[in-house]
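So the sequence shown is residues 2 to 615, counted in my numbering.
One or more of the hints may lead you astray.
Said to hold, decoys possible - Across the chosen pairs, the derived CB separations fall in these ranges:
1. VAL125 to GLU156: 13 to 23 Å
2. GLU110 to GLU156: 21 to 31 Å
3. GLU148 to LEU384: 25 to 35 Å
4. LEU431 to GLU110: 41 to 51 Å
To be verified - In silico DSS-like cross-links for lysine-lysine, where the CA-CA straight-line distance does not exceed 25 Å:
5. LYS573 to LYS515
6. LYS86 to LYS562
7. LYS330 to LYS404
8. LYS573 to LYS88
9. LYS573 to LYS547
10. LYS90 to LYS53
Keep in mind the hints are simulated off the structure, nothing from the lab. Positions of the beta carbon are idealized from the N, C-alpha and C atoms, including for glycine.
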Amino acid sequence: MNKSKLLAAISMFVLLSQSLLSGVMADPLQSPQSSQNPLPAQNILSALQQPKFLPVDQAFMLDFAQSGESVRISFQIADGYYLYKHKLKIAGVAVNFSNPALPAGLPHEDEYFGKAEIYRHQLVFDVKLANIDADAKLKIRYQGCAEAGLCYPLETREIPLISQAPAKTAATDSGADSGADTAGNTAPVSSQISLAERLSSDKSLLTLGVFFLLGLGLAFTPCVFPMYPILTSIIVGQGQQLSHGRAFRLSFAYVQGMALTYSLLGLVVASAGVKFQAAFQHPAVLIGISVLFVLLAGAMFGWFNLQLPARWTEKLTATSNRQQGGSLKGALVMGALSGLVASPCTTAPLTGVLLYIAQSGDLAYGALVLYILSLGMGLPLLLLGSSGGKWLPKPGAWMDVIKAIFGFLLLSVPLMLLSRIVPAEVLLVLGSLLALGFALYLQQVQQLLKTAVAKSLCWLVATLLVCSVVIANYRQWLAPEPQAQSVAVSTQQAGQFIDIKTLADLDAQLLEAKAQNQFVMLDLFAEWCVACKEFEHITFADGGVKTEMAKIRLLRIDVTKATEQDQQVLDKFQVLGLPTLLFFAPNGSELTTSRITGFMGPAEFKAHLIQLQQ
Numbered sequence: 002m003n004k005s006k007l008l009a010a011i012s013m014f015v016l017l018s019q020s021l022l023s024g025v026m027a028d029p030l031q032s033p034q035s036s037q038n039p040l041p042a043q044n045i046l047s048a049l050q051q052p053k054f055l056p057v058d059q060a061f062m063l064d065f066a067q068s069g070e071s072v073r074i075s076f077q078i079a080d081g082y083y084l085y086k087h088k089l090k091i092a093g094v095a096v097n098f099s100n101p102a103l104p105a106g107l108p109h110e111d112e113y114f115g116k117a118e119i120y121r122h123q124l125v126f127d128v129k130l131a132n133i134d135a136d137a138k139l140k141i142r143y144q145g146c147a148e149a150g151l152c153y154p155l156e157t158r159e160i161p162l163i164s165q166a167p168a169k170t171a172a173t174d175s176g177a178d179s180g181a182d183t184a185g186n187t188a189p190v191s192s193q194i195s196l197a198e199r200l201s202s203d204k205s206l207l208t209l210g211v212f213f214l215l216g217l218g219l220a221f222t223p224c225v226f227p228m229y230p231i232l233t234s235i236i237v238g239q240g241q242q243l244s245h246g247r248a249f250r251l252s253f254a255y256v257q258g259m260a261l262t263y264s265l266l267g268l269v270v271a272s273a274g275v276k277f278q279a280a281f282q283h284p285a286v287l288i289g290i291s292v293l294f295v296l297l298a299g300a301m302f303g304w305f306n307l308q309l310p311a312r313w314t315e316k317l318t319a320t321s322n323r324q325q326g327g328s329l330k331g332a333l334v335m336g337a338l339s340g341l342v343a344s345p346c347t348t349a350p351l352t353g354v355l356l357y358i359a360q361s362g363d364l365a366y367g368a369l370v371l372y373i374l375s376l377g378m379g380l381p382l383l384l385l386g387s388s389g390g391k392w393l394p395k396p397g398a399w400m401d402v403i404k405a406i407f408g409f410l411l412l413s414v415p416l417m418l419l420s421r422i423v424p425a426e427v428l429l430v431l432g433s434l435l436a437l438g439f440a441l442y443l444q445q446v447q448q449l450l451k452t453a454v455a456k457s458l459c460w461l462v463a464t465l466l467v468c469s470v471v472i473a474n475y476r477q478w479l480a481p482e483p484q485a486q487s488v489a490v491s492t493q494q495a496g497q498f499i500d501i502k503t504l505a506d507l508d509a510q511l512l513e514a515k516a517q518n519q520f521v522m523l524d525l526f527a528e529w530c531v532a533c534k535e536f537e538h539i540t541f542a543d544g545g546v547k548t549e550m551a552k553i554r555l556l557r558i559d560v561t562k563a564t565e566q567d568q569q570v571l572d573k574f575q576v577l578g579l580p581t582l583l584f585f586a587p588n589g590s591e592l593t594t595s596r597i598t599g600f601m602g603p604a605e606f607k608a609h610l611i612q613l614q615q
């Protein structure tokens, strides 16, 4: 009996080993006889017949060949395997290149990406190069699947390039493409490209410190301003229970919620691009968040109390008393919501991190940098909130006044959000009503004050609010027409944007620019993009900037509706956020290192254009 048991054990061990070597573990629950025979022969045969998936480098064999300032990249795709077109991304190190025109793929639909284009058997395309330095290389990222049911993770491979410095000198001497070569050599490198390259080459604590300081600088931008009244209203809402330690804990929870949300959103945007960013600017989302802030403001005014049913409140109060801080979760949630408020703001530091993530696929380090950047943004918020216990007046009637003031500030947040979808005229009316309401409230508060200094301060603030409303409405509704006409004439003299819609339109414009030896700037914008409007009303309106812009061909594509044609443009140029300004040399190749993402002031933008054309 012992001998038979030993033979049975040896047989089962051999069968299990064969199954594991074939890459498939048979499921004993598939046979009704499993209780008597844990691994029947038919299950073993089925397991041995399961497909053996190829290593990724054999499934998708990458090859390349450089010829002067062009490199041909090819994939030999094994039978039964395919590559995703939209996952194919290229980045350059120490080289300028034009994004390749990929051939049309085959339509495909699967559970991972829905409808997509794929390549089978073979993929070949050329990448045009310029300004190839000694250590130049291309990084290519791709992802594919096997029809049998396996999808490989994202893969990144490096293609070393040969410097063509002598060839460039000869081309310049011949004069054939001297303008393009010179542009390639002197084209300015934008800050986001420099930051992405720094992340790729240096992952030290010093780099993390740099991004913390950059985040601290972002804390004073319009995107972060709505967070101040939100956090302060949370602090003020604690009323008499507020202490210095509690204020710090609430502020810390709020900043953590903002940082975590901002970091996670950054990872998603690096993968999905502007499509995800635009989704959070849908009118339904903005209106929903605005309604929430109106409700919060109403609670600050004392119109109603936002509270749960009495039975739930008693249980939560008991738990809160034991934990000494029941509002920490609420502060965390409000911080996460604030991260959504700031999410449409694309800046050079943020774009640099997103470029690094998109090109390298290093999600862990990218998330860490985004988190450090967010902590820098949250430091002033943390200091403000932690000081709330000292700055706020002692408990009493004053607390109701303070809560009402921050209620007005909370009402200003929906105006900032709705400015992305509401016409400027409507926004002006709503803002005027809010400012006049605040001025009337200050007049009522003035009557309760005892000191002359406090009364004078209230009167001064109320007067400034009323004057601001009068001036803003006068300029909007009653200002004479000649001023508007003069602006229009100067804009026309300085050069106008040509509105285009498709890649075919862009190609046609690039051909015309090549015939006239012109540089080209392509402005990708959307109506919901706040920084896009800042570009239009601040930077592009500057006289010196207009003079430089008049020397180049100006193109513009509105991607507000996110149509299929819009998405094709965004995918071709791997756009991660808006606003994005693309620059092209007179020969039609994109100057990738000169790309601008996020707002840039007039002086810096003018210098960028001057250096571009040297």
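Now the hints, each set against the structure:
1. VAL125 to GLU156: 13 to 23 Å: 18 Å Cβ-Cβ, so the 13 to 23 Å window holds.
2. GLU110 to GLU156: 21 to 31 Å: holds, 23 Å
3. GLU148 to LEU384: 25 to 35 Å: violated, 57 Å
4. LEU431 to GLU110: 41 to 51 Å: Between LEU431 and GLU110, where Cβ atoms are some 45 Å apart, the hint holds.
5. LYS573 to LYS515: holds, 20 Å
6. LYS86 to LYS562: With a Cα-Cα distance of about 23 Å, the restraint between LYS86 and LYS562 holds, given a limit of 25 Å.
7. LYS330 to LYS404: With Cα atoms ~21 Å apart, LYS330 and LYS404 stay inside 25 Å; holds.
8. LYS573 to LYS88: Given that 25 Å is the threshold and the Cα spacing comes to 11 Å, the pair holds.
9. LYS573 to LYS547: violated, 28 Å
10. LYS90 to LYS53: Between LYS90 and LYS53 the Cα gap is close to 28 Å, so the pair fails against 25 Å, i.e. violated.
Hints 3, 9, 10 from the earlier list are contradicted by this structure; the remaining hints agree with it.
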